Structures are given as C-alpha cells and as structure tokens.
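Enquirer: Let's have the full structure, built from the sequences with the hints guiding it.
In case you want the letters, here they are:
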Amino acid sequence: MNLSEEQIERYSRHIILADVGPEGQEAILHGKVLIVGAGGLGSPAALYLAAAGVGTIGLIDNDEVDLTNLQRQIIHATPDLNKPKVLSAKEKIEKLNPDVETVIYRERITSENIMGIIQEYDFLIDGTDNFPTKFLINDACVFAQKSFSHGGVLRFKGQTMTYTPGNACYRCVFRSPPPKDAVPSCSQAGILGSIAGILGTIQATEALKYLIGKGHLLTNRVLTFDAMQMEFRTVNIERDHRCPICGDNPTIKELSDEEQPVCDLKQ
Amino acid sequence: MIIKVNGKEQEIGKNEISVYELLMENNVGRPDMVSIQLNGKFVDKDELQTTLVKDKDEVDYLYFMGGG
Numbered sequence: 001m002n003l004s005e006e007q008i009e010r011y012s013r014h015i016i017l018a019d020v021g022p023e024g025q026e027a028i029l030h031g032k033v034l035i036v037g038a039g040g041l042g043s044p045a046a047l048y049l050a051a052a053g054v055g056t057i058g059l060i061d062n063d064e065v066d067l068t069n070l071q072r073q074i075i076h077a078t079p080d081l082n083k084p085k086v087l088s089a090k091e092k093i094e095k096l097n098p099d100v101e102t103v104i105y106r107e108r109i110t111s112e113n114i115m116g117i118i119q120e121y122d123f124l125i126d127g128t129d130n131f132p133t134k135f136l137i138n139d140a141c142v143f144a145q146k147s148f149s150h151g152g153v154l155r156f157k158g159q160t161m162t163y164t165p166g167n168a169c170y171r172c173v174f175r176s177p178p179p180k181d182a183v184p185s186c187s188q189a190g191i192l193g194s195i196a197g198i199l200g201t202i203q204a205t206e207a208l209k210y211l212i213g214k215g216h217l218l219t220n221r222v223l224t225f226d227a228m229q230m231e232f233r234t235v236n237i238e239r240d241h242r243c244p245i246c247g248d249n250p251t252i253k254e255l256s257d258e259e260q261p262v263c264d265l266k267q
Numbered sequence: 001m002i003i004k005v006n007g008k009e010q011e012i013g014k015n016e017i018s019v020y021e022l023l024m025e026n027n028v029g030r031p032d033m034v035s036i037q038l039n040g041k042f043v044d045k046d047e048l049q050t051t052l053v054k055d056k057d058e059v060d061y062l063y064f065m066g067g068g
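Residue numbers (our numbering), protein chains in the order written: chain V, 1 to 267; chain Z, 1 to 68.
Think of the hints as simulated: they come from the structure by calculation, not from any bench. All figures in this text were calculated on a predicted structure; none of them were measured in a lab. Take the hints with a grain of salt, since some may be wrong.
Unchecked claim - DEER-style ranges, computed between Cβ atoms:
no.: 1; chain 1: V; residue 1: Asp-66; chain 2: Z; residue 2: Ser-18; range: 37 to 47 Å
no.: 2; chain 1: V; residue 1: Lys-214; chain 2: Z; residue 2: Asp-32; range: 35 to 45 Å
no.: 3; chain 1: Z; residue 1: Gly-40; chain 2: V; residue 2: Lys-214; range: 20 to 30 Å
no.: 4; chain 1: V; residue 1: Gly-166; chain 2: Z; residue 2: Asn-39; range: 22 to 32 Å
no.: 5; chain 1: V; residue 1: Ser-187; chain 2: Z; residue 2: Asp-32; range: 17 to 27 Å
no.: 6; chain 1: V; residue 1: Pro-179; chain 2: Z; residue 2: Ser-18; range: 20 to 30 Å
The beta carbon of each residue, even a glycine, is placed where N, CA and C say it ideally should be.
Expert: As structure tokens, this is what we get:
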C-alpha cells in the first residue's frame, strides 16, 4: 500500500513519530481489530482506532442504545436512543474516517460463534460488561493464539492487561468467574463515565502498539488505577504453570458459555 | 513485622500471619472477589489459611472488575 497525499496529511502526526513513520501507519491501515462490546470501553477504543486509521474494525454487540448508556458510552448520542449499538457506532466511525471498514455483528458472542469471528482479526479488545464473556474471550484467544486486551472498570477504578500467546492469560490471574453475588456490576455499583474513557483509551493504545510492533505491551503485568487517589500501579504477573487453560496440564479443553449474570442497564 | 500490601508498607503486630487473616485484617471481606499474589506468585484459594505471610513479604490484591 502506498499512502495517498490525503492520508499523509491525515496521519501526519503519526507519521512524524519515529516509532510509527509511514511503515507504522501502513501497518495500522492494514490492521484488523475486533472490539467486543460497543459500550463504555468499546466507545473510546473504537473512536481512537477509527481516527488512527485501523483498516478494519469489527464491532460485536447485541444491545440497543439506552439512556443510561450516554453518561459514558461516547460513541453514541441522544438521537441514537433505541438504535442497535453496532449501527450507531458504525455511523460515527464512518463519519470520522472513511479509510476504515467497519464490520458489525449484531449478536451476542458465544462459544459457538467466537472462533469463527476472531480468526478474521489481528487483535481483540475486551470491552464486555460481564465475567462469563471476559473468560470466554480469554479462552478463545488462548486456543486461537490471538492477542487481546482485557479491560474492566468499576466505580472509580479500572484494570487492564494484554495477553499475547505464551504470556500470562486472564485465567492465570483469575481462575474462574467470581460467584454471582461477589462482585457488583456497573449498573449495581456505578461507574464514573470518564473512567471508562481512560481504560478504553489504554486498550486502544495497546492495539495500536501491537499493530506497529513497537514498545512494550502490557503483557505479564496488570495495570490498575484508582482515580480517587489518581494512582496508577502495575503488578507483575507470570504465566502460571497451574493455569487451567494455558498451564502445563490444562483442564479446560473446549469453550463453554458460563452462566450469564444479570449485568444490564435497565435495573 | 513490616510487609508491603499493594506496594505500601503495613505493620503487622505478629511475626507471621496467614493470607486469610491478612485479608480479614485488610477488610477485604470475601476472598472470592480478589486474586492474591504473595511475592509474585498466586496463592490458590484453598491455600489461603495455610500460606503464611512473613516479614518483608509483598502481597498484592487484584480485584475482579467486570464492568465495561
């Protein structure tokens, strides 16, 4: 691919970065990133990846835009109420950057469809709002040897890590979904809208670093932040040889859909 | 003894304490909402009572966060 004059101008602030340059921008334009969940994390991630010129952005979400979403899910706007989130997001992405091809999946990601969908992509962003799906994404990525960024937020806090094959996975840290009543969801406990923006933007940055192949990904580390103290911390982790999926004697050999907890918006 | 919890020094009035007791001391509440590292190694949930934290040990709590 040769960058057009318009692309050279559009991406000039990337291209002048020594670690991006025209080659890095071309890698971004060839890149394919799947965003699972067009919500609090997926919104900022999709907008920054679209602005950056990621060639193909996949979006999977089965929900419609709800009034309670708009406090943080910045890819959607008031006129989008009741519209499928993937359609609302696709419209914004296409307005922002016609270089991007947006592929939408208006469905829930499950053990049945996930392997077929993720094989089309270089990198995944987990922007989901529930543990069963977070574990499903991890397990599918371990099986398919795909890299992904995990993200989770609650109240004034966020957490993220990046998995690449051979490094620590989400199950190395968290063995299995927590009991249903142990950890509240955003609809139960609340979330400061901008927290989702911080975290989704970090996830988009990891995707871009992955595509250009520069820098150190957030592998074998968990980044946590607490906006009330405005403290960021990274905790080093290791791939756990006892991990049930990526360890030496894995006990999980196929994907399953664990019980979907109630983590939705209208309660 | 002095240990580090989430990167911050904490004084414990004993020479050793189980991970489970430390969780209670730190008001973590339910052990199943957190993953615990002791000196960089994850502690299995069924070993919380038998794994001991000693002077200068480092403990990290990684909480489940499921919102998106």
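Enquirer: Hint by hint, say whether it matches the structure.
Expert: Structure-based check of all given hints:
1. At roughly 45 Å, the beta-carbon separation of V/Asp-66 and Z/Ser-18 lies within the given 37 to 47 Å, and the hint holds.
2. Against the hinted window of 35 to 45 Å, the Cβ-Cβ separation of V/Lys-214 and Z/Asp-32 comes to about 39 Å, which satisfies the hint.
3. For Z/Gly-40 paired with V/Lys-214, a C-beta distance near 27 Å keeps the hint of 20 to 30 Å intact.
4. At roughly 23 Å, the beta-carbon separation of V/Gly-166 and Z/Asn-39 lies within the given 22 to 32 Å, and the hint holds.
5. Distance hint check: the CB atoms of V/Ser-187 and Z/Asp-32 are about 21 Å apart, consistent with the given range 17 to 27 Å.
6. One distance hint, 20 to 30 Å for the beta-carbon pair V/Pro-179 and Z/Ser-18, holds here, with the actual separation near 22 Å.
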